[in-house]
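Asker: Sequence lines, in order, name chains P and B.
All residue numbers for the first sequence refer to the working numbering, where the first residue is -10 and numbers rise by one.
All residue numbers for the second sequence refer to the working numbering, where the first residue is 405 and numbers rise by one.
Just so you know, these hints were derived from the structure itself, not from any lab.
Some hints here could point you the wrong way.
Going by beta-carbon spacing under 10 Å, a handful of chain P positions derived as facing chain B [to be verified]:
hint	residue
1	G30
2	G128
3	I135
4	F142
5	D236
6	T308
7	S310
8	D389
9	I457
10	A459
11	F461
12	L463
Keep in mind it's a predicted model, so treat the numbers as computed, not measured.
Glycine is no exception: its CB is placed at the ideal position from the N, C-alpha and C atoms.
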Amino acid sequence: MKGNAANQWGPESGRNEALPLDADRRFTGRLVSIFGDNTGGTTILHYLVDLPGAGYGDFEYVVAGPVRSMTPVAPAASWHEREVHEQYGVEFIGHPHLRPLMRHSRFDSGLPSNGSTQEMEESQFLRVQGEGVCEIPVGPVHAGIIEPGHFRFSVVGDTVLHLQLRLFYTHKGTEKLFEGRVATDAVPIAESVSGDNCFAHAVAYCQAVEGVHQAIVPPKANAIRLIGLELERLLAHIGDLGALCGDVGFAVPAAYCARIKEDLLQASAKIVGTRYWRGVAVPGGVRHEIGSADGRELKESIRIAVEDFVGIAEQALRTPSLEDRFEGAGILAPNRAADLAVVGPVARACGIALDVRRDHPYGAYKNLNFDVPTWHYGDVMARARIRMMEVHASARLLLDYLEALPAGPIWLPLPAISTGRAFAAVEAPRGELVYWLRVEEGKIARCHVRSPSFQNWPALPFAVTGNIIADFPLINKSFNLSYSGCDR
Amino acid sequence: MMGFVINIVQMLLLVLAAPLLRGIISKLKAWIQKRQGASVWRPYANLWKLFHKEELVPNTATLIFRSAPVVAFAATVVAAAFLPVLHPAAFLTLDGDIFLFVYLLAIGRFAMSLGALDGGSSFGGMGSSREALVAALAEAPLFLVLTALAILARTGSLSEIAAWTIRQNFFDVSTVHLLALAALAIVAVAETGRIPVDNPTTHLELTMIHEAMVLEYSGPSLALIEWSQAIKLNLLATLMIGLFAPWGMSLTVTPLGLAAALGTYALKLACLVIGLAVVESSVAKLRMYAVPDFLRVASALAILAVIFTAITKR
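The following block holds chain B by itself, in its conformation from the complex (with noise of 0.2 Å):
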């Protein structure tokens, strides 16, 4: 009963603390620039606005609009379900739930991609396309990563991977891992449409990926697409901790462990919010037309990652 508990408490913190994480992130970027930068919790007021706002819809628009942003929270909603945090186990587990990880992202993406088509405006169509083209290139990596650890694992749950991965010695790193690693990076990079893939805050329509999707909406659609993009960039990053480091993860339902497994997560997020907010700090956004290549490297390591398993011990 407290196992099930603390599943529905992780799930929420995935969705809950998500603008806090994109506030900390651009507080970080602030103090690289040398600005004092908004406060942390600005993204909360931000939704907090959009959400008590009319909602302006174009005339041309139909139900595929209105109801886009909401399929796409709803589908990260429930992707964040699948994933562990404070311990190996998680609200929603079924074997291969990895395939209906991928494919919920994916989901969101398609809701979004059709909205913004349907919205009628020619930067909503340019950016669905620019959209489709990134989520094409990252899906199979993406793909591939969890493979190879599905395969290292012998399960085809992102809980028991994670399970699996706390039995093993943190020194003994397989290469497997690290290729998994760097091509899920690069992945994180482009689904949650960071620098040097997209920026997040530019004016420019014409350089735009995901913002040119939703520059036609406002109010609380335009709330539910920030949040569930934040909530998306939470979940990439829980995913690479849940992979690749789960050590400190609670294997036992105590409060002493689940505070020390909320601590050490903490930690390891910032860590990654740190790396994340130095690298979009130090590189200009890539050329419309490199993003492939770019994409292209995080498949070569995902399918070096995947036939590297068949040569790894078990």
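Pulled out of the complex, with its shape left as it was, chain P reads as follows (with noise of 0.2 Å):
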């Protein structure tokens, strides 16, 4: 079989094992991330996927020349495979079209990637051709102030026929930076990748820590925890459907919002010390106690902030100039969401019932019975439908957990194991984050970080197609996608 790699993933040495394919040969897991990993000299790439009933499954390929494409069994792959054709060199055969991702012509030198980066052919757009058709070239700056993105519309009239991105403009090599670090002082570098979504980001590269250490969190840490996530996915959706709003003119919903998301991140500020729960977690446990009388003053808090959300989203959502807006507007197909592997609030506004607190429970969520809120239709509406219904889901995990806090320590050491693999997926606002850690003597060898908005950006393309081009900006802020957490 050797020299065959191209044709099969199938058992060629010790380390190989076949992905899982039904009789059609359609791939019948969830594809979560492709990377590559260099030890030794010679190139792994692992394929993270979930598989349905059996949890995450890490599967290992020991590169020796091209490797057969995943992209006609998994289209999710795309992505992902330009990604380690541009870092590690390998060639994917039956790619429909590889060429690099995060290299194009507005780097001019090497990038602080992993592996090798090679020099190859810099990315290009597709022409789209025929009468009447206009290209539209916007970003990467923008009249307002959000991070750096270019987009190619082609467009016939006002409607789009074509949209291509090119993200990685803030591309800061997170994965090389994590590379020599000791692994437990390294949560600043999580936090750092995606503002936003800092919490979810340490939490999960914590427990990648933890898995690793093979640690036991104390349960009042984990608690803690909870309550950061939550409290990060309360915030995040709240100011969402605030900006939703303000992108279709409508400003009173969207000053009412962004008025409820700062009481809410004062509170933080008050209780934890930090707005947005950075430095709150170590690997171990949390570095924050959360006292009885602070947990009462903060639940209090959320109380008035989501009773308050609440009054002004119905109304705003019930409004017919805005559902005239929302609704029909930005469209992704059930099949192309699952063909594209999305996750998060996308998918689930789309009928997927994806969530990573349900399907693979970690810390806190290992007790609860979590009834995972999905919606239909797959537009703008559908997705701030759905961001509503989990304001609701997490006010109520928040305000339980808030009543009766465990009692116990908040960190505990870890055990000295400082060698070794794992990974933690971790339901942040946007989606499923996964975190994959390879240690050797405390120190990180490798670490790739999968965001929820590296899976999710592919998507968004399929959504704006068939729409004008004046609602882009709305269909691209129902996916408020992080671009920082997807260039890394």
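Both chains come to you apart, so use the hints to assemble them.
Answerer: Quick look at the structure:
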């Protein structure tokens, strides 16, 4: 079977395992990530997949020559394979368009990436041709204060025929930055991957480190982490709904949501000393105690904020002029969503019940019975509605947990196991966030970050196609993906 | 002689008080949002700042780009000279100036559209084409509204129409006036680029109409554009007052009468501005392709207004 690697994933050496395919040779799991790792001169591909009923699986593949692309059976593999191709020079046979993902003409020198940065043709745009087709380049610098991203629209009149993304302007080589650091000290790097989800990143990273050390996190620390994670979700969703209203020129709910979000941030600052919970999570537990008096105060702030928010948001979503804008805009078909393995609220708005908190419970979520709300239609309204439902669910969780916080320590020292591999997944506000970690002698040898934004960005063009170009900002906001989290 | 001075004063009032009107609208909207909001004098500070800034001009731009804001400003100021404010007479008046008024506003738009195209950015072109669409659809109803009132008043001059309306009984409101007022309200929203047609405060390039056209402008040019946009809002508000509720205008040129006229004008303007702030705060912006439908309503109302002049007693 040597030299035949391009034709199948079949077990070739002892370490290669077959990925599950059904009788029609369709991939039966959900692709989470594909990434490379270099050990002792050999490149190993990791296929991280979510197998229905069997949990996460980490399939390894030792690279010897070209590898068969996974895109024909799982289109979601496209961006992952392009990234691996760029970082490790791995050739994927059967990939529809294997061109660099991160490196485009805006980068004139090598990237601080993993592995070898290959000299390659620069990323180019597909030309859409035909009568009346017009190309509109937008970005990377925008009129508002938002992150940089370039969008290339091909339009006929006002209707979008095709949209191409060029992201990775904020590529900071974060995965490379992790390497060589002491694993227990690298939380601040994880926190800086995506600023508004920093606590989810910190917790996911800490869980991966705890996985390596086979540590046990005390119940009180898990409870505080749950509070931080749910509060972050609350903040993100309240901010998102306000921003959605702001994007259609509906300033009153936008201003109210901004105020409610600020109230919650200030409550956080008062209780844990930091607005976005930065520096709270550490491997082994958390750094900040929440006493019962603090808990009650935070609970009261959350109760008032959620009450205010539900009042204004329900009223806004029932306003006919807003319904007219939200309904039917930016529909993402469920089969597209499934093909591209989208995660988080975007997936749940297409009826795909996917939630790490229920499917792969971690920390305090292990003791919970969890309903995953879903919605149909996959339009902007569905993505707004699903956020409303998640605000309700998170608020319930928070109020319950703040009522009766467990007693005990908030941090336990890590066992002295300092070599190993682990990965951890957390349901961040934008969806499934995965950290994969390999630690040698206490130092990080490889850290892979799969943010929900990286997974969801490729789905955005499919939701935009067929809409008018003036609706793009609204559709984009309803996805609300992080550029920094995607670019890393 | 006194009348001539008042005519100049009322024209200057329209031009100089325009930024204040904008400031008041922003303040009202901020209050509705339970924010404190910026000072009502903020638009003046903004104009002052822009007039003192360096002007950046795209390399591809020609004279058209630089002259467009000046043409637009001049056209708007001249249009202001035709409006009666404090008494039913204006600085410039001629029979048929309703046509001139409409096309002075159109000249401003035309100049800005050309300037935006000349700027060379794709947003400028997009903004121009959208502005042209809105302008083409808003022109007919505006024109028909003025025609309907001109038929009733049997005169083609804005001042004379106002003078005629004052002589009518306030309670004897005709169907023509109601229809025309509704049509003009819609047109005013579209002409001045307010919600739900356009969002003057958005930062989203792809949704912009008027703002997309001015993206390339900076410094004094931008100041002129912003100022003429503010004047335009003031013009259309004053036009509505002059055509539909001129009562309170001073028929004689006496200090007391003029003070009362100024007071009632301010009151009527305040009502319009509060109405605008409330409407802008309670609806979302229309989807771009729904804007023609919105203006179609204005056209239908305006056509009905013209038809109804035939059966209204004079």
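Asker: Each hint should be assessed against the structure and marked as holding or not.
Answerer: Each hint, compared with the structure:
1. G30: Result: violated, 49 Å to nearest chain B Cβ.
2. G128: holds (9 Å)
3. I135: Check passed: Cβ of P/I135 comes within 8 Å of chain B, closer than 10 Å.
4. F142: Hint on P/F142: holds, closest Cβ of chain B at ~8 Å, below 10 Å.
5. D236: Hint on P/D236: holds, closest Cβ of chain B at ~6 Å, below 10 Å.
6. T308: With a closest approach of 7 Å, the P/T308 hint holds.
7. S310: holds (4 Å)
8. D389: violated (31 Å)
9. I457: Hint on P/I457: holds, closest Cβ of chain B at ~6 Å, below 10 Å.
10. A459: It holds, given that the least Cβ distance between P/A459 and chain B is near 4 Å, below 10 Å.
11. F461: holds (5 Å)
12. L463: It holds, given that the least Cβ distance between P/L463 and chain B is near 8 Å, below 10 Å.
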